[in-house]
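Chemist: The primary structure of each chain is shown beneath.
Number of protein chains: 2
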Amino acid sequence: MIAEILCVGTELLLGDIVNTNSSWLAKELADLGVSVYRHIVIGDNKQRLKEAFETALNRSDVILCTGGLGPTQDDISKEALAEACGRKLVRNEQAAQWIKSRYIDKGFALTENNWRQANFPEGATPLFNPFGTAPGCQLELAEKVIFLMPGPPVEMKPMFAGYIKPWIQARNHIVLKSRVLRITGLGESAAEDRVADIVASQNNPTIAPYAQYGEVIFRITARADSEQQALNLIEPVELEMRKRFGLNIYGADDACLEGVVVELLEKNLLTISCAESCTGGLVTARLVNIPGVSTVLKEGIVAYSNEAKITRLNVNPETIKKFGAVSAEVAAEMAEGIAQTSNSSLGISTTGIAGPEGGTLEKPVGLVYIGLFFKGKVSTKELKLFNRSRDNIRKRATLAVLDLVRRTILG
Amino acid sequence: MIAEILCVGTELLLGDIVNTNSSWLAKELADLGVSVYRHIVIGDNKQRLKEAFETALNRSDVILCTGGLGPTQDDISKEALAEACGRKLVRNEQAAQWIKSRYIDKGFALTENNWRQANFPEGATPLFNPFGTAPGCQLELAEKVIFLMPGPPVEMKPMFAGYIKPWIQARNHIVLKSRVLRITGLGESAAEDRVADIVASQNNPTIAPYAQYGEVIFRITARADSEQQALNLIEPVELEMRKRFGLNIYGADDACLEGVVVELLEKNLLTISCAESCTGGLVTARLVNIPGVSTVLKEGIVAYSNEAKITRLNVNPETIKKFGAVSAEVAAEMAEGIAQTSNSSLGISTTGIAGPEGGTLEKPVGLVYIGLFFKGKVSTKELKLFNRSRDNIRKRATLAVLDLVRRTILG
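These protein sequence lines are chains U and V, in that order. Just so we're aligned: the first sequence equals residues 6 to 416 in this note's numbering. Just so we're aligned: the second sequence equals residues 6 to 416 in this note's numbering.
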């Protein structure tokens, strides 16, 4: 089964937004054992989009198209597809009713343009979209199938997972299974070095490393006739890698560090509160990503000013005077202060110089202190995140403090 | 001048890395007045890459290709290009010397494979690469030109800036200038309706709308012989759009809502503090995105538990009992409480049901209240963000509260 990914939108073509749909879909298709040979990006131009559909229909079995389903005049994916396969656009009454109710739900007025979203190439089945107003559709043509999905990732991903993935699974019998191991606390080349011999000696499963924002990820992928066979191929490789990386592996597959932390807190009946300066709420916001976090998260305080550090967190003004707000000593008092004033089992803190201004020779941009109070003791850690952007420094400090919580609870 | 971007690499095709080269190059080319009609991603497969070159040569004037220039056997961009245009691969002695010195510089041993990097399609000019070992090249064919660049962005970008951009500037005299207007508080189709007549009557400048996360963006793009002429074409259209959208336009070009809010606070010598429940720190974290925010942001409190709402923000326990934690009344007390306990000019609050669990018939997932205390008065707003993911609800609530601050300060 050969697939082609076609992403439509002038905003993609002009580079105003990065095309993350292609890579997300490509990964999903690889896991389903589908071969993807091409990704194409086309603007909101009917003639060129029509040609792209024609070419794709000649060389691929499955065409996954995202974008161009909105209500506006430059949303022309359905028109271009209809022309490419010589079909008329016809109104689907079920889709029209659905659109009407969606707009009423959201309290928006329906305009003439919205009704265009109820038209589909003749023979197509609408795919409903729980997260937006643009229905997608599926059109089968002899041995080929075309799926049109909305462009926004929050709408596209659930549509793929809900309709398209099961459709492919029912038809494609090669199984590709992946296990992703997620690593913190090691750089990419150090991590790669540690397993270089395993990577070199494998071709089924294959092992691919990649790095993102302070994490290193290894994807172990096996190809087999059944899921069980694929899992059997993965297992010994995974065990060996787990042995080599130990506590550096924080989770597998779709695990995220904040999810692992929340689970550990829940399992150990612990509560946490956060005192953030340079991360400015990112640590708390990542914890709140996890549904049900309210049982373990008591509060977060962004104490950006010295005044807030003193009045909210009981930091001693003398400590700030003596060591500066960006210091291990202040991080320690912030962590203890938040744990005690909020009556939480753990208190964490961050204070640092996120830049781009505010650095000195002694305390350059990228210097961050994190603190953790737990069981009557405070530990702190100095991070040297030099030569990085404000955003990168804040994200890495967030990761470091979440990882410190994880390692501390695990002992 | 019509260009096509061709990115080569199995890691792109499988989605292991997101293709940021395409969007970066597309933006550069747009600024140079070059029309990009297609981005293509192809794996390390010679036959398909050769076909992609042939097709691109038929329809585009400039082909920008990244990737496939490394020393390994699956780096085949030069071979595929040579076959596509019927040329031989020949060794370039200058390139061979350069490669030799680069490898010695980096302390690497030269392998047989490395010499492949000195071979180019006959007639091509090597482009040297100060940040890596793979030279690129430029091949001119009658009216067409092909540039091959290395795949890693840190190598590709300087090669584009150093060789290719000046080459294009010397030949292309059309200037493309864009103005982006950023709108909140209107859905995409409502926004488009308001300017449908202008959009329909324009072709230079063109006006393209797109929506992302609760914002609508209009890009006005003019094509002219000089920057000044292009700006003159944009100006009247921009003025008319500003008249129609009024306060719905929060900024232009690269402005972001949190940046606009911080600037307004600074200009009016105001301070702000945030009391967040369902947004869990996102509002504060967005404000902290802006360097120098410390002059206006006093503190943020994530009061996720009722206890924190009562002890940190002085919310009356009776109010929670009577109306529930998710209510306009509690949002109002949170906003007033944070402003007064932190001694800030403005206090903002969010409380809502972000889901996926915790919704009831009366208070479904997506119901959010935001509050703002300013000059002794509290205002609140009810948001009905139904049928959305946890992440989407929290991001839209964040946007809504930042926008409420903006509109309130502007009066």
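It is worth saying that the hints were derived from the structure and are not from the lab. Keep in mind that the hints are not guaranteed to be accurate.
No distinction is drawn between identical chains; accordingly, a pair holds when it is met within one copy or between any pair of copies.
[What the hints assert, rightly or not] DSS-like cross-link-like pairs, simulated, lysine-lysine; straight-line CA separation at most 27 angstroms:
#: 1; residue 1: Lys400; residue 2: Lys32
#: 2; residue 1: Lys368; residue 2: Lys55
#: 3; residue 1: Lys32; residue 2: Lys55
#: 4; residue 1: Lys55; residue 2: Lys162
#: 5; residue 1: Lys382; residue 2: Lys400
#: 6; residue 1: Lys32; residue 2: Lys170
#: 7; residue 1: Lys400; residue 2: Lys386
#: 8; residue 1: Lys389; residue 2: Lys326
#: 9; residue 1: Lys105; residue 2: Lys400
#: 10; residue 1: Lys380; residue 2: Lys170
#: 11; residue 1: Lys382; residue 2: Lys272
#: 12; residue 1: Lys386; residue 2: Lys326
#: 13; residue 1: Lys162; residue 2: Lys105
#: 14; residue 1: Lys32; residue 2: Lys272
#: 15; residue 1: Lys93; residue 2: Lys55
#: 16; residue 1: Lys55; residue 2: Lys149
#: 17; residue 1: Lys170; residue 2: Lys55
#: 18; residue 1: Lys400; residue 2: Lys368
#: 19; residue 1: Lys51; residue 2: Lys149
#: 20; residue 1: Lys389; residue 2: Lys105
#: 21; residue 1: Lys380; residue 2: Lys272
#: 22; residue 1: Lys105; residue 2: Lys386
#: 23; residue 1: Lys162; residue 2: Lys326
#: 24; residue 1: Lys368; residue 2: Lys327
#: 25; residue 1: Lys272; residue 2: Lys170
#: 26; residue 1: Lys368; residue 2: Lys105
#: 27; residue 1: Lys382; residue 2: Lys248
Chemist: Give a verdict on every hint.
Modeler: Evaluated hints:
Taking the shortest alpha-carbon separations for Lys400 and Lys32, both the intra-copy value of 25 angstroms and the inter-copy value of 26 angstroms come in at or below 27 angstroms. Taking the shortest Cα distances, Lys368 and Lys55 never come within 27 angstroms of each other, neither inside one copy (58 angstroms) nor across copies (46 angstroms). Proximity of Lys32 to Lys55 under the C-alpha cut-off of 27 angstroms is found in both arrangements, the shortest distances being 26 angstroms within a copy and 24 angstroms between copies. When the C-alpha separation of Lys55 and Lys162 is checked against a cutoff of 27 angstroms, the pair qualifies only within one copy, where the shortest distance is 24 angstroms, while the shortest distance between copies is 32 angstroms.
Proximity of Lys382 and Lys400 under a CA criterion of 27 angstroms is satisfied intra-copy only: 26 angstroms inside one chain copy versus 36 angstroms between copies. Taking CA atoms no more than 27 angstroms apart as the test, Lys32 paired with Lys170 passes inside one copy only; the shortest distance there is 12 angstroms, against 33 angstroms between copies. Taking the shortest Cα distances, Lys400 and Lys386 sit within 27 angstroms of each other inside one copy (16 angstroms), while across copies they are farther apart (31 angstroms). Within a single copy, Lys389 and Lys326 get their C-alpha atoms as close as 22 angstroms, which meets the 27 angstroms cut-off; across copies the closest is 47 angstroms, which misses it.
Within a single copy, Lys105 and Lys400 get their C-alpha atoms only as close as 41 angstroms, which misses the 27 angstroms cut-off; across copies the closest is 25 angstroms, which meets it. In this assembly of identical chains, Lys380 and Lys170 lie within 27 angstroms of each other by CA distance neither inside one copy nor across copies; the values are 47 angstroms within and 54 angstroms between. In this assembly of identical chains, the alpha carbons of Lys382 and Lys272 lie at most 27 angstroms apart only when taken from the same copy (21 angstroms versus 44 angstroms across copies). Within a single copy, Lys386 and Lys326 get their C-alpha atoms as close as 20 angstroms, which meets the 27 angstroms cut-off; across copies the closest is 42 angstroms, which misses it.
For the homomeric pair Lys162 and Lys105, the shortest alpha-carbon distance inside one copy (23 angstroms) is at most 27 angstroms, but the shortest distance between copies (47 angstroms) is not. Proximity of Lys32 and Lys272 under a CA criterion of 27 angstroms is satisfied in neither setting, with 32 angstroms inside one chain copy and 47 angstroms between copies. Taking the closest pair of Cα atoms, Lys93 and Lys55 come within 27 angstroms of each other only inside a single copy of the chain (14 angstroms); across copies the shortest separation is 35 angstroms, beyond that limit. For the identical chains of this complex, Lys55 and Lys149 are neighbours both inside a copy (16 angstroms) and across copies (25 angstroms), given an alpha-carbon limit of 27 angstroms.
Proximity of Lys170 and Lys55 under a CA criterion of 27 angstroms is satisfied intra-copy only: 25 angstroms inside one chain copy versus 31 angstroms between copies. In this assembly of identical chains, Lys400 and Lys368 lie within 27 angstroms of each other by CA distance solely inside one copy; the values are 19 angstroms within and 34 angstroms between copies. Proximity of Lys51 and Lys149 under a CA criterion of 27 angstroms is satisfied in both settings, with 21 angstroms inside one chain copy and 25 angstroms between copies. For a Cα distance limit of 27 angstroms, the shortest separation of Lys389 from Lys105 across copies, 17 angstroms, qualifies, whereas the shortest one inside one copy, 55 angstroms, does not.
Taking the closest pair of Cα atoms, Lys380 and Lys272 come within 27 angstroms of each other only inside a single copy of the chain (17 angstroms); across copies the shortest separation is 46 angstroms, beyond that limit. In this homomeric assembly, Lys105 and Lys386 come within 27 angstroms of each other (Cα to Cα) only across copies, at 25 angstroms, whereas the closest approach inside a single copy is 55 angstroms. Proximity of Lys162 to Lys326 under the C-alpha cut-off of 27 angstroms is found in neither arrangement, the shortest distances being 51 angstroms within a copy and 39 angstroms between copies. Only within a single protomer do Lys368 and Lys327 lie at most 27 angstroms apart by alpha-carbon distance; the minimum there is 14 angstroms, versus 50 angstroms between protomers.
Taking CA atoms no more than 27 angstroms apart as the test, Lys272 paired with Lys170 passes in neither setting, with 33 angstroms inside one copy and 52 angstroms between copies. When the C-alpha separation of Lys368 and Lys105 is checked against a cutoff of 27 angstroms, the pair qualifies only between copies, where the shortest distance is 23 angstroms, while the shortest distance within a copy is 58 angstroms. In this homomeric assembly, Lys382 and Lys248 never come within 27 angstroms of each other (Cα to Cα): the closest approach is 30 angstroms inside a single copy and 60 angstroms across copies.
In terms of the numbered hints stated before, the structure departs from hints 2, 10, 14, 23, 25, 27, listed from lowest to highest.
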